[in-house]
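Going down the list, the sequences are from chains A and B. Add 77 to the 1-based position in the first sequence for the working numbering, that's all there is to it. Add 228 to the 1-based position in the second sequence for the working numbering, that's all there is to it.
None of these hints come from the bench; they were simulated from the model. Only a predicted model underlies this, so the values are computations on that prediction, with no experimental measurement involved. Hints may be right or wrong, so weigh each one.
[Unchecked claim] So the derived list for chain B, only partly shown, Cβ under 7 Å to chain A, looks like this:
#1 Lys239
#2 Asp242
#3 Asp264
#4 Trp293
#5 Val310
#6 Met313
#7 Tyr317
#8 Tyr363
Where is the CB? At the ideal position from N, CA and C, for every residue including glycine.
Each chain, letter by letter, is given below.
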Amino acid sequence: MSSNAAAPATLISQALRDSLNVWGEPQVSHPVDCSDLRRWAISVYWPDKPPKLFWDDAYAKTTRWGGIIAPREFNPFAWPIDRPADRMPKPAKRAVGERSMNGGQKETYGVPIHPGDVITARTALVHMEEKVGKLGLTLYKSTETRWTNQKGEFVRSRISISIVY
Amino acid sequence: MTYKVYFDDVKVGDEIPTFVKQTDFMHWNRYAAINDEFVYIHMDDEAGKNSGNAQGAFGMGNLRWAYLQNMLRDWMGDEAEVREMSVQYRAINQKHDVLTCTGKITEKKVEGSDNLVRLDLNVIDQNGKGTTPGYAVVALPARK
Numbered sequence: 078m079s080s081n082a083a084a085p086a087t088l089i090s091q092a093l094r095d096s097l098n099v100w101g102e103p104q105v106s107h108p109v110d111c112s113d114l115r116r117w118a119i120s121v122y123w124p125d126k127p128p129k130l131f132w133d134d135a136y137a138k139t140t141r142w143g144g145i146i147a148p149r150e151f152n153p154f155a156w157p158i159d160r161p162a163d164r165m166p167k168p169a170k171r172a173v174g175e176r177s178m179n180g181g182q183k184e185t186y187g188v189p190i191h192p193g194d195v196i197t198a199r200t201a202l203v204h205m206e207e208k209v210g211k212l213g214l215t216l217y218k219s220t221e222t223r224w225t226n227q228k229g230e231f232v233r234s235r236i237s238i239s240i241v242y
Numbered sequence: 229m230t231y232k233v234y235f236d237d238v239k240v241g242d243e244i245p246t247f248v249k250q251t252d253f254m255h256w257n258r259y260a261a262i263n264d265e266f267v268y269i270h271m272d273d274e275a276g277k278n279s280g281n282a283q284g285a286f287g288m289g290n291l292r293w294a295y296l297q298n299m300l301r302d303w304m305g306d307e308a309e310v311r312e313m314s315v316q317y318r319a320i321n322q323k324h325d326v327l328t329c330t331g332k333i334t335e336k337k338v339e340g341s342d343n344l345v346r347l348d349l350n351v352i353d354q355n356g357k358g359t360t361p362g363y364a365v366v367a368l369p370a371r372k
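Please model the complete structure; the sequences and the hints are all you need to start from.
Put into structure tokens, the structure is as follows:
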């Protein structure tokens, strides 16, 4: 399909429609390690020094958290062992419906992540809507991911909006 | 412990201290390394152009998200917490952009034992363009 092909009438395939509100199998993280949190904090504050709460356990014990916690935006699912070969292909020029961008996100937080925690995630497509805008026919897909820890406590919900055009 | 701001001491209309970063491959590569976000559009100018950005590779939305979290943390201190945050990515983070994260208090309310403050957020580029409008709800400690 070339980029000059006629625009499709819809970007919502039957497979996509069938996946709406169907929660996927749970994914389980590796145990969170102190070094994961220290490196994360260094990276997002680079080149400045990150807060002690994320790397200095003696200091963190004096806070209400009782020890080191993760930055709210920390991702314990980075660096999975199983990696599909086409996970992040190099983009060529793409046709209508094959291009996408990150439209935004909303996160709601529960208990913080501590070193040693094992996080379980489940994901579902929860909303989709098509519009015709300046990008032409555009599909807005909202995907929710819910995280809980090994105690079953709510950690985070993220609703990500993907814009397909 | 570090108390930086109390619920009692803030009011609607207050602007919190900004968080400023000039970003380029050094920042994006570091973020890619911790978030395993080695995506060609953030690493390769040709890939960025193919995705529609004439200036080439561009920064991650997730990194702007982290910068907004940094701004909130730096303002609130370690005894407070972010409860909710939402943004829209309206413009691209180009190489060498100077990103200024901003926050302005729009609401205060007490729910049960929680002292909640809502803020409007944005990430403004060096041309004054708002790239990432959104909001956050944070829980602050109260003076005894």
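Checked hints:
no.: 1; hint: Lys239; verdict: violated, 24 Å
no.: 2; hint: Asp242; verdict: violated, 22 Å
no.: 3; hint: Asp264; verdict: holds, 4 Å
no.: 4; hint: Trp293; verdict: holds, 6 Å
no.: 5; hint: Val310; verdict: holds, 5 Å
no.: 6; hint: Met313; verdict: holds, 5 Å
no.: 7; hint: Tyr317; verdict: holds, 5 Å
no.: 8; hint: Tyr363; verdict: violated, 9 Å
Comparing the model with each earlier hint shows violations of hints 1, 2 and 8; every other hint is respected.
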